[in-house]
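A.B. asks: So the protein lines, in turn, are chains A and B.
If you number the first sequence the way the numbering used here does, the last residue is 339 and the count never jumps.
If you number the second sequence the way the numbering used here does, the last residue is 339 and the count never jumps.
If you're looking for bench data, these hints aren't it; they were derived computationally from the structure.
Being a predicted model, the structure only gives us computed values, none of them experimental.
Careful, some of the hints might be misleading.
Which copy? The list can't say, so a pair holds if one copy fits it or any two copies do.
Straight-line Cα separation of at most 27 Å, DSS-like style, residue types lysine-lysine; simulated pairs [claimed, not checked]:
id : residue 1 : residue 2
1  : Lys174    : Lys262
2  : Lys235    : Lys136
3  : Lys262    : Lys327
4  : Lys244    : Lys132
5  : Lys327    : Lys174
6  : Lys327    : Lys136
7  : Lys176    : Lys262
8  : Lys136    : Lys262
9  : Lys132    : Lys262
10 : Lys132    : Lys327
11 : Lys262    : Lys235
12 : Lys327    : Lys176
13 : Lys176    : Lys235
14 : Lys327    : Lys189
15 : Lys327    : Lys235
16 : Lys189    : Lys244
Residues per chain, in single letters:
Protein chains: 2
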Amino acid sequence: MKTAEKILLTSLEMFNEHGEANITCVDIAIELDISPGNLYYHFKGKEAIITALFDMYVKRSSKILVSPDSESLSLSEFFHYLFRLLESTHLFQFIYRNPNDLMQKYPTIERNFKRLINSKEEAFLAILHHFKSIDAIAANESQIDALAQLISLMFTQYQNYFLLTGADIEQDDVSFHCLRLLFNVLTPFLSIPNNEKSAIWLAITEQNI
Amino acid sequence: MKTAEKILLTSLEMFNEHGEANITCVDIAIELDISPGNLYYHFKGKEAIITALFDMYVKRSSKILVSPDSESLSLSEFFHYLFRLLESTHLFQFIYRNPNDLMQKYPTIERNFKRLINSKEEAFLAILHHFKSIDAIAANESQIDALAQLISLMFTQYQNYFLLTGADIEQDDVSFHCLRLLFNVLTPFLSIPNNEKSAIWLAITEQNI
C-alpha cells in the first residue's frame, strides 16, 4: 500500500475512534511510525486529510446513490440499498459525529456535504414515489415527504443519538439495528403480500441482506 | 428581574444564537453591560451557567414528561404533549447543537442528560403501549419499540439535521414542522375514526394545538 493511502486509512480509523477534534497530524505520524515531515510531504495539514477522506466518502456514497435504477427497483433491493448506505456511513462515522462543527471548521467540504445530504433525501423521495407508482406502498404526498425526511434524518443522526443514550448496541450491529427500525416504521405503508414482507424481515434479522 | 436571572436568560439567548463554544463569560457580561466581576459573583464561570441552564431545561422537561397521565391520555392530547416537548427543546436548542461535545466538556451534566433522553424514550414507549392497550393504535411490539426510538431520535436530532440540509424552515415553524412529520409517519398506525385523525391534522396544520 502506498504511504498516502496508509495515511488516509490510519487517519480514518483514528478519527472514527477518538473524534476528529482530538487527533493531530503528529498523532497520525506517530501511529504510522513516520516523521511529521514525511506526512506533510503527502498531505499539507489536517484539512488536506479531512478533504481527501470526505471525497472518498462522497464518491462511495454517490455510487450507491446513483446505482438503484428506481424504475425497476424492488422493495427488497431497496432495503439492500439502505443497508449499503448505512455501512458506508458507518465506515466514515467521524463525519457524522459533529457535522455542523466539521463544516464550520473546514468550509471547503461544507457545500459538498449539504449537496450530499440533500441528494440523499431526494433519492429517498424518488424511490418512495416509484414504489407508490407501482402500488408497492400506500401513502399520500405528505406521508412520502415525511418518510423521506425521517429516513434521511435517521441516516445522518442515529450515531449521535446512540452515543447520547448510551444504547448498548454492538458496532457490527448498528446498521442492522437501523434497518430493523426503518422496516418496522415502514411496514404499515407497504402494500405487498405478507410473504414478501416476511422475506425482507427475515433477511434483515438474519443479517443476510 | 434579579441579576442572576438576567444572566441566565441572556446566556441562553447567546448560546442559542451563536453556539455555546463561541460565547465566553466576558461576552455575556458585555451584552448585559455588567462587569465580569459582577457576573463571577453570581456564577463561577461558564460551567456554572451551563449547569444552571441545563437544570432549568431538565426541570421543565420533567414536568412535561410526568404530566400526561398515560392511563387517560387521548391521541390529540398526545400531540399536544409532543408539541410542548418540542417547544421546550427549541427554547434550549443550544443543548442539542453538539450534545456529545457538551457532555464531554461538562461531565457534571452528562449523567443527567443521558437519564433525561432515556426517560423520554421510555415515556414515548409507555404512551404508545397505552394507545395499543385501548386499541387507538395497531402495532406489534417491534413496531412500538421502533416508533419510540424514532420519535426520540427525531426530538434530539432534528435541529442538527435541518442545519445540515440548510432547510428553509422558519424558526417559529420548526416545532410544527416536526409535528407534521411525526403525524404523517404515525397515521397508518392509528386505528381511530377518520374524523378524529382529521381533527388532529387540522390542529397541527393550523398551528392551533
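A.B. asks: The structure should be examined with respect to each hint, and the outcome stated for every one.
C.D. replies: Results of checking the hints against the structure:
Neither within a single protomer nor between protomers do Lys174 and Lys262 lie at most 27 Å apart by alpha-carbon distance, with minima of 49 Å and 58 Å respectively. In this homomeric assembly, Lys235 and Lys136 come within 27 Å of each other (Cα to Cα) only inside a single copy, at 24 Å, whereas the closest approach across copies is 32 Å. Proximity of Lys262 and Lys327 under a CA criterion of 27 Å is satisfied in both settings, with 16 Å inside one chain copy and 22 Å between copies. When the C-alpha separation of Lys244 and Lys132 is checked against a cutoff of 27 Å, the pair qualifies neither within a copy, at 31 Å, nor between copies, at 43 Å.
With identical chains, the CA atoms of Lys327 and Lys174 are never at most 27 Å apart, being 51 Å at best within one copy and 58 Å at best between copies. For a Cα distance limit of 27 Å, the shortest separation of Lys327 from Lys136 qualifies neither inside one copy, at 43 Å, nor across copies, at 57 Å. Within a single copy, Lys176 and Lys262 get their C-alpha atoms no closer than 45 Å, and across copies no closer than 52 Å, so neither meets the 27 Å cut-off. Within a single copy, Lys136 and Lys262 get their C-alpha atoms no closer than 45 Å, and across copies no closer than 53 Å, so neither meets the 27 Å cut-off.
For the identical chains of this complex, Lys132 and Lys262 are neighbours neither inside a copy (48 Å) nor across copies (58 Å), given an alpha-carbon limit of 27 Å. In the homo-oligomer, the alpha carbons of Lys132 and Lys327 never lie at most 27 Å apart, since the shortest distance is 46 Å inside one protomer and 61 Å across protomers. Taking identical chains as interchangeable, the C-alpha atoms of Lys262 and Lys235 are never at most 27 Å apart, the minima being 41 Å within one chain and 47 Å between chains. Proximity of Lys327 to Lys176 under the C-alpha cut-off of 27 Å is found in neither arrangement, the shortest distances being 46 Å within a copy and 53 Å between copies.
For the identical chains of this complex, Lys176 and Lys235 are neighbours both inside a copy (11 Å) and across copies (23 Å), given an alpha-carbon limit of 27 Å. In this assembly of identical chains, the alpha carbons of Lys327 and Lys189 never lie at most 27 Å apart, being 32 Å within a copy and 43 Å across copies at closest. Proximity of Lys327 and Lys235 under a CA criterion of 27 Å is satisfied in neither setting, with 44 Å inside one chain copy and 45 Å between copies. For the homomeric pair Lys189 and Lys244, the shortest alpha-carbon distance inside one copy (15 Å) is at most 27 Å, but the shortest distance between copies (35 Å) is not.
Checked against the numbered hints given earlier, this structure breaks hints 1, 4, 5, 6, 7, 8, 9, 10, 11, 12, 14 and 15; the rest are met.
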